[in-house]
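K.L.:
Single-letter residue listing:
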Amino acid sequence: MIRTTHRSPLPALVLVVALVAMACGTNQGSGAPAGASGSPAAAGSQPAVSGGASPAADLSGELTVWAMGAEGTKLGTLADAFMAANPGVKVSVTPVDWGQAVAKLQTAIAGKTTPDVSQMGTDMMGKFGATGAFEPVPADIAPAGYFESAWNTNMVDGVVSGVPWYVETRLLYYRTDIAEKAGITSPPATWDELKAAAKAMKEKGGSKYGIGLGTKNWQEYFPFLWSNGGDVVDASGNPTLNSPQAVEALTFYKSFFDEGLTPKSVPEGTDPATPFVTGDTPMFFSGPWHLAGVKAAGGADFEGKWAIAPMVKKVTATSFLGGSNLVVYKNSKNKDAAWAFVRFLSDPKTQATWFTTSGDLPAVTSGWEDPAVKTDPNLAMFGEQLKDTKAQPVSSTWAELSSAINDTLEKMTTGTMTPQAAADEMQQQATSIGTK
Amino acid sequence: MAGRAPVGPRRGWRQDLVGWSFAAPFVILFGIFLALPILAAFALSFTSFGLRDLENPIGTTVVGVQNYTDLLGDPKFWKSLGNTIYFVVVGVPLTLALGLVIANALSRGITRFRTVFRVGYYLPVITSIVAIAVVWRFLLNPDVGLINILLGNLGITGPNWLASSALAMPSIIAMAVWRNLGFAMVVFVAGMQAIPAMLYEAASIDGAGRWQAFRYVTLPMLRPTILFMLVITTIGYLQLFEEPFVMTDGGPLDATLSVTMYMYQQGFEFFHQGYASAIAYVLFVIVAIVAFLQFKFLRSEP
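Taken in sequence, the protein lines are chains A and B.
Residue numbers for the first sequence follow our numbering, beginning at 1 and rising by one.
Residue numbers for the second sequence follow our numbering, beginning at 437 and rising by one.
No wet-lab data here; the hints were simulated from the structure.
Just so we're clear, the structure is a prediction, and the values are computed from it rather than from any experiment.
Even for Gly, the Cβ is constructed at its ideal location relative to N, Cα and C.
Just so you know, nobody snuck in bad clues.
These stretches of chain B come out as covered by chain A in the derived footprint (C-beta under 8 angstroms, 3 or more residues):
#1 490-501
#2 591-600
#3 678-688
#4 693-706
Examples of chain A residues toward chain B, derived with CB under 10 angstroms:
#5 A103
#6 G132
#7 S265
#8 D280
#9 K330
#10 S396
#11 T397
#12 A399
Excised from the complex, chain A in its bound form (with noise of 0.2 angstroms):
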């Protein structure tokens, strides 16, 4: 609407190109949906809902949901799961594409056409909590059971507006193998283990690199922050992001590209599992989803080549923390039914039938108890990270700080800007922008 138009058959079919590739969605590479995470878990042993397969009697009507990307696809089961135990309401499945997700949701709330449920990945909680559109969360929805990061990112201006959904968190994905030929006996654990495995692994190893880190994602970086014991705003929600800690983090961070152990360009779109595969960059830090891209990356014989450890140490061992949210919506007509929806989908059990649906890891922590969850070594680490994670601030400025903050490593990692100028600009951006 907003583009200038011209009658022209150039512009014309650019402008319409130019729909279609937006409507083709940015997502491809990066994987994950941006996610947001929490800090440390309190891991309550206490289910978070009570009674969330058991639905009150006398529920009716018609719910719609959307979910975004692979999850869309797949609610579908969960929905039917639901219906069953409740006949008298009617739930239907809108999948999103999570490029077009942004604009849609933009769109419904403006056109107040919005869902009753839906998704809402942490990092956009923020945004869409300062449209007013959410409606806050029932009282007997407790923050005990839940990863304690991952309820936070559901506090908008001090309301709780959504309800944790499922989460995902970040480890070190590295080759057993080159680790072996350089040397290295145990996973490093610590910021300087890391450092010198990355060298090791390139001058004995016989990789290329020593390590893959991204020249421009926040998503990286934020976790050398947390665990030097920095954060992105302080207890009172102001930016810190120039503190002694945030410099010593970057520097350590552009140490990797300034020394040749990462590289400082990949082609755009570049799967981290690819040059994993082939051993150009033998670590990488990653979510869950790239337990299953690196085993198709690599086939069969590549089985045994690699593993996974936590978050290396420095003060803390702090991970990124990202993942998903349900929101109900204030237009919603059938307020009832949509919080017996997301109740159903918080439950232990249900977390627990996901998780095996869709790979989606519980955001409830008893859900890591059902043994689908528990047997398999790598989750259970995965699981053992959650515990150590933090997640971004909750703020509507949030998509355009983290661009500026994007935008600055990168001057950072592949230019000549110090740390302490990366450090004191992000501070800048931040303090212009707004954090809250």
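Take the given structure of chain A and dock chain B to it, following the hints.
P.N.:
Below, chain B without anything else, positioned relative to chain A:
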């Protein structure tokens, strides 16, 4: 003398009604889907319309010309404008010159497989940009790309084209020129077919060679067509969007961020719709001025 034709100031309301009813579908659609949004965007550009106004759009804050003054002090806007001008200044002449050369070759030189060539050059114009982007990303891939493999055979280590701030824009220009020159070619071929053959006969009797025929017959006769293509291509290129959008996302370090991309970012990613509207209007004014100047200085006969 036969009776005079029924001329007069009025044709009667009945005829008017018929006329308007034929025009109505267009006028109504134009009004709703173009005129109204264009005016709304103009109004929007004087407000701080953003996320918090979504639920109550009328309640947005009017900020006067602040968006426009902010824009003047926004280094990212200037950077994007500089990139766009770079793209236009290099891309437009290249597109037109190559289009003209190919059109001339296909009209007056090559006769065998003429249709094959014409289709070949035109195909990129009608191919989806997403498909093109995938192919070009492969071509430009630093490790396995065809371009760098060919360079490698010559003993040159090819760069990472799209990841270098110096080479990303030239790569985008190469792709855009390749993609759009087919359209220029088709228009030039049509223009050349309208040039009477006797002019070329006269020229050859006067002893003109191929180059002279091109220089003194084809070029002057094509002048209106070239002007048309110049204006159309410039307007299109000033709105550069999809190439960087699908290839580089404006990077690296904003080296391929165009004005339209910056507008999209502000309007739809950050939801500063007031600010994005201001960018749109500034771009509109620039496009209008450039088109006006091109007409003014190039339309008159030499």
